[in-house]
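Got chain E; can you put chain H on it based on the hints?
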Amino acid sequence: MTTLAAPVSTSASGRSALSPMRLVRDTRLLTWRSLRAIPRVPERLLDVTVQPIVFILLFLYVFGSAIHVGINYKSYLFPGIIAQGLAFSVISAGTATATDMSEGVVDRFRSLPINRLAIITGQVMGQFCEQVLGMTIYIAFGIALGWRPDLTVAGGFELAGLLALGIFAFIWAGVLFGLLIRSPDAVQGLGFIVILPLTFMAGTFVPISGMDAIPRAIAQWDPVSAFVASARSLTTHLHSSGSFQLDHPQLAMIGWCVVLLAVCVPLALRRFNRTTAA
Amino acid sequence: MTDIAIRAEGLTKRFGDFVAVDALDLQVPDGTVVSLLGPNGAGKTTTVRMLATLIAPDGGRAWVGGHDVVRDGARVRELISLTGQFAALDKHLTARENLVLMAQLRGYNGRAARRRADELLERFDAGDFRDRLVKNLSGGERRRIDLAAGLIERPQVLVLDEPTTGLDPRSRQVVWSTVRELVAEGVTLLLTTQYLEEADALADRVVLLDRGREVAAGTPAELKSRVGEQRVDVIAADGEAFGRLEALLWEHFTITTLPEQRTVSVSAPDEVADLARVADAVTQAGIPVDEVALRRPTLDDAFLALTGHTAAESEKAAGADGADSDREPEEAHA
Chain E
-14 MTTLAAPVST
-4 SASGRSALSP
6 MRLVRDTRLL
16 TWRSLRAIPR
26 VPERLLDVTV
36 QPIVFILLFL
46 YVFGSAIHVG
56 INYKSYLFPG
66 IIAQGLAFSV
76 ISAGTATATD
86 MSEGVVDRFR
96 SLPINRLAII
106 TGQVMGQFCE
116 QVLGMTIYIA
126 FGIALGWRPD
136 LTVAGGFELA
146 GLLALGIFAF
156 IWAGVLFGLL
166 IRSPDAVQGL
176 GFIVILPLTF
186 MAGTFVPISG
196 MDAIPRAIAQ
206 WDPVSAFVAS
216 ARSLTTHLHS
226 SGSFQLDHPQ
236 LAMIGWCVVL
246 LAVCVPLALR
256 RFNRTTAA
Chain H
352 MTDIAIRAEG
362 LTKRFGDFVA
372 VDALDLQVPD
382 GTVVSLLGPN
392 GAGKTTTVRM
402 LATLIAPDGG
412 RAWVGGHDVV
422 RDGARVRELI
432 SLTGQFAALD
442 KHLTARENLV
452 LMAQLRGYNG
462 RAARRRADEL
472 LERFDAGDFR
482 DRLVKNLSGG
492 ERRRIDLAAG
502 LIERPQVLVL
512 DEPTTGLDPR
522 SRQVVWSTVR
532 ELVAEGVTLL
542 LTTQYLEEAD
552 ALADRVVLLD
562 RGREVAAGTP
572 AELKSRVGEQ
582 RVDVIAADGE
592 AFGRLEALLW
602 EHFTITTLPE
612 QRTVSVSAPD
622 EVADLARVAD
632 AVTQAGIPVD
642 EVALRRPTLD
652 DAFLALTGHT
662 AAESEKAAGA
672 DGADSDREPE
682 EAHA
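Here the protein sequences line up with chains E and H, keeping their order.
Using the numbering used here, the first residue of the first sequence is number -14, and each one after it goes up by one.
Using the numbering used here, the first residue of the second sequence is number 352, and each one after it goes up by one.
Please keep in mind that the hints were generated in silico from the structure rather than gathered at the bench.
Please note that the accuracy of each hint is not assured.
[As the list claims (entries may be wrong)] One side of the interface only, derived from the structure: several residues of chain H facing chain E at Cβ under 8 Å: (1) D381; (2) T404; (3) L433; (4) G435; (5) A500.
[What the hints assert, rightly or not] Derived contacts from chain H toward chain E, CB cut-off under 10 Å, selection only: (6) A425; (7) R428; (8) L440; (9) K486; (10) G501.
Built from N, CA and C at the ideal position, the CB exists for glycine as well.
This is chain E alone, in the form it adopts within the complex (with noise of 0.2 Å):
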């Protein structure tokens, strides 16, 4: 018969739970942990491509053909879609952190002699991949329907580069959100009240330009018009002004950013530490 408890031997408690290695380890540990949820939540991925799809369908081929905007609308909409798909990954963070929270593995996960850090660490990472995944679904999508960019490499790498910061900094700020309310329905009820909004008004489908006085105002500062800005300048001859953002989209994309990433990232880093004892 095996003895029931393992001698304590193999184990890692020599070395301080707090090294950067263990952080690495454990944090791979944890992503691979995310990771495996994908293919048995097919609802999760889902809803981070059917949302864009519907979009896209609906923009092309039932207002497409009432918008014009000197330019193809196919190009113009797809770096839309782009960076709206960019924003809505602060619901699904958030939404996808606060059911793990509310489920007693992460408990577990905390009394385990590991980098606590780690389980925040691996969700982001999670969820960096499984938004990645689903980028890459929807811009397959849109090039199987004609969307062509018209993309340098150096461009390519420019914009891979950009959505990556981005989708790493709204994880960051959607992570602290879903440490913030806690429950799953109510982040996404309250990300789609705040987030659906701003993506509509940030030029994403129609021009800033074209907008009353009001929203377009809020559109010139909006952070998501940054990042259609951005891709869009990347993939197109169209170039956005109006607002400092809008003149330097892609150094405004990347001050977002890191304004995001040094807010959320301790703010989440806190909350996450503040019920736990050490």
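Frame of chain E, contents of chain H only:
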């Protein structure tokens, strides 16, 4: 002198105005089993969550293996293993993947983790459902995997929070036998339960909690002697039979009666032997009865005897004070 595995002094936790744990003192000597007994809202879960460093106390101090739970949480987590009231498993992973992950997080490499997971699956007789997703397991199966996940390494201190609440009697027996084996191997155990029977079966010492305070403590035998002993309840078939029953049993035994329930309670210090004697007497006299049963004192009996109010009243009071159980309101569980 024996070493003290868990020590708490004046441990206190408030949630808003609600005092979940109120200046609790606790000592669990090495290698012993101590049970925190009490109804919902008594502060059991909050206490063990503070000891396992999951929440910070608002007052008092606690040490596990000599390490302060607030200042030295990382060391405490190396010694303690908590299995909570709700299965702490990833429901999207299989039973085996969960155990492998927990082992890896404890520092095992992939191969050693898989080997340890397989040992535990075998030990917990979980081979049949090792590759099923946790979300598809029954409550009893989940609890077994949950216990296994807490035993990847031999913990010096094992904390089980209501390990058998909601389990069928068979799964309860599996949990009890597992716990007994661990204790035989020298593991120190702090157990919370709502069942007096469970505390009696497993614990060396029982601490009865009510509204975050200790109301009584002692060995199960001491506590039971204060609560009242076992009894045989005989329920007469009708009013006439009840009269005859009372007259018959009064002659031979110490009895109390509950006329409204047509019940005669016979004190039964010899347990089954007394049950047999009572049953014999009733059968020979030919009195029609609905039920003859040996009753053990329940948590309710203990509460009534030791606190002067019922467990349900205490639960209600805890609820009225703003907490529906002894979990902190902020922490929702699935």
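Going down the list of hints, with the structure as the test:
1. D381: At about 15 Å, which exceeds the 8 Å cut-off, the nearest Cβ of chain E leaves the hint on H/D381 violated.
2. T404: 4 Å, holds
3. L433: The hint holds - H/L433 has a Cβ within 8 Å of chain E, the shortest such distance being about 5 Å.
4. G435: 6 Å, holds
5. A500: 7 Å, holds
6. A425: 5 Å, holds
7. R428: 5 Å, holds
8. L440: 6 Å, holds
9. K486: 9 Å, holds
10. G501: Holds - the Cβ of H/G501 comes within 10 Å of chain E, reaching about 8 Å at its closest.
Checked against the numbered hints above, the structure violates only hint 1.
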